[in-house]
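K.L.:
Between the sequences and the hints, there should be enough to build the whole structure, so can you do that?
Protein chains in written order, with my numbering: chain A, 73 to 173; chain B, 213 to 671.
No lab work stands behind these hints: they were computed from the structure. Each hint can be trusted.
With a straight-line Cα cutoff of 20 Å, these simulated EDC-like cross-link-like pairs (lysine to aspartate or glutamate) come out:
#, chain 1, residue 1, chain 2, residue 2
1, B, 466, B, 578
2, B, 466, A, 91
3, B, 292, A, 156
4, B, 512, B, 532
5, B, 245, B, 565
6, B, 289, A, 156
7, B, 235, A, 91
8, B, 245, A, 156
9, B, 235, A, 156
Here are a few chain B residues that sit away from chain A, every Cβ distance over 12 Å (derived from the structure):
#, residue
10, 387
11, 500
12, 606
13, 639
Cβ coordinates follow ideal geometry from the N, Cα and C atoms, glycine included.
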Amino acid sequence: MDGFTALYIFMLAAFTGYEVISRVPVILHTPLMSGSNFIHGVVLIGAMATLGHADPEDPLQLLIGFVAVFLGAANAAGGYIVTERMLGMFKTGNRKEGGAQ
Amino acid sequence: MTSNWFINASYFAVALVFILGLKAMSSPVTARKGVIWAGFAMVAATVVTFFMPGLHNTGLMVLAIVLGGGVAWWSGKVVKMTDMPQMVAIYNGMGGGAAAGIAAVELVRGVQHDPMTSTLLVLGAIIGSVAFSGSCIAFAKLQGLMDKAIRLPQQNNINFFLSLLTFGVGLTIGYSDAPSMFEITLFFLLALALGVVLVIPIGGADMPVVISLLNAFTGLAVGFKGFVLGNPALIVAGIVVGASGMLLTQLMAKAMNRPIKNIIFSPITGEAAAEGGEVQGTMRELSALDAASLMRYGQKVIVIPGYGMAVAGAQHKVWEMAQLLEEGGVEVVFAIHPVAGRMPGHMNVLLAEAGVPYDKIFDLEEINADFPQADVALVIGANDVVNPVARTDKSSPIYGMPILNADMAQNVIVVKRGRGAGYSGIENALFYKDNCRMLYGSAQAVIGDVIAQIKTLEA
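P.N.:
Okay, here's the thing in structure tokens:
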């Protein structure tokens with residue numbers, strides 16, 4: 073990829089990230105942190121591409137690639153389930169029902 | 213050619229859905245939908261990647277995905293709500309580790325890159341490694357595996373020279389034609405050590421900000437890896453998370469009135485607290501019955517939950533008590549400090565779990581003017597966020613941090629496990645004030661006693 077094209081993408085993505093969450097209420101800070109943690113779990117596809125292009129004859133490349141895919145998959149799966157569980161508590165329905173005991 | 217087009221189109225759609233999902237996650241009404249959309253996008257991205265041309269080692273790949281995804285899915289499913297912050301920290305660390313791993317394979321393969329790509333490769337490797345080891349330390353601290361904030365002698369100089377050395381070695385490797393195995397290993401060890409020394413002295417109230425900062429770091433590392441691998445979806449997702457994470461970190465740091473550079477370079481430790489002036493007076497206890505009658509015969513009670521409530525898992529009991537008081541005509545509201553607990557919004561999540569409606573939960577700015585009208589401020593396992601020295605004592609390390617003005621209520625009842633200082637190690641002047649009484653014990657047990665006493669008052 074052309075270096076300057078990448079710089080433009082960097083710049084626009086940075087502003088997008090800034091804008092997208094600039095009006096988030098305090099109650100969503102933790103779930104949002106967790107949600108963005110899930111989204112960078114997309115590093116998984118990068119790790120897959122890396123392992124996929126590693127030299128099958130070189131055990132070291134395979135080992136590191138394997139670990140990278142393992143960690144990426146854990147980031148994505150764990151990040152999702154934790155975020156989903158947190159947000160599951162913010163159902164709009166229980167606003168007035170009160171004590172769920 | 214067609215399969216390439218298909219993969220690229222899919223990645224484009226995935227990046228778009230990620231941004232929309234993140235946007236949806238910043239409003240309570242759409243938040244859940246947002247993460248579910250993003251979840252579908254993630255699955256789609258993973259599946260599509262298998263169709264990448266020239267992909268080897270697919271068996272190994274599936275095994276790694278099943279193992280890593282399975283373990284994390286299971287642990288995320290069973291973890292208690294109160295332990296969420298450290299889970300976020302550890303999953304974040306894994307993402308950083310994955311980014312560092314990508315860099316490691318690239319370096320071992322010895323692929324030639326242009327200077328800009330090499331620089332980003334090395335930067336991404338450093339940031340990813342720092343996020344990995346830093347998050348592991350954050351996890352260990354929150355999990356209680358290592359308790360103390362450890363301050364090395366000459367901490368800031370060590371940080372500075374270690375960073376310099378890591379960047380130096382990294383750039384040497386990045387620009388050399390065939391880096392040796394020894395150089396690559398040394399580079400990653402240095403980068404991992406850097407993460408450890410950066411996070412190890414940080415304790416207490418600063419931890420949420422650090423987790424958020426490390427989260428932003430991982431985002432940046434992922435974005436840089438996207439550039440190295442020529443994958444725009446990775447760039448967009450990574451940089452969007454990096455930028456939003458930086459903003460979130462700033463919001464939190466601002467709420468604590470602690471600039472990020474102070475958190476990293478002059479962490480609050482017990483040592484600093486010792487310089488912070490002596491507190492005069494004694495702490496006075498009261499019984500559960502006295503606490504019950506103070507609240508039951510008052511007009512307004514403001515509950516201030518903190519990490520102690522989370523540890524004791526007392527949120528359900530607290531809400532049961534609040535409902536009991538409300539049946540008796542007492543107004544009960546909850547006041548939440550932006551950094552109460554170990555992550556911003558941590559208390560909101562726990563109270564939502566217990567079923568407390570949003571309209572009873574107030575932020576610092578909304579509630580602070582109401583304390584003088586409150587009959588009782590009930591502090592449950594919170595400490596530093598109600599310490600009035602933040603307003604009065606210029607020598608205190610937390611001076612200037614906005615606090616909940618619990619000391620201005622008619623009566624203050626503090627539920628606390630023991631007599632020790634707060635997580636930051638600073639003595640709390642509130643506990644020695646004339647209008648303050650202590651209720652010692654685990655929040656779960658103490659609030660249970662208070663509930664029993666309120667019931668006897670009703671009879």
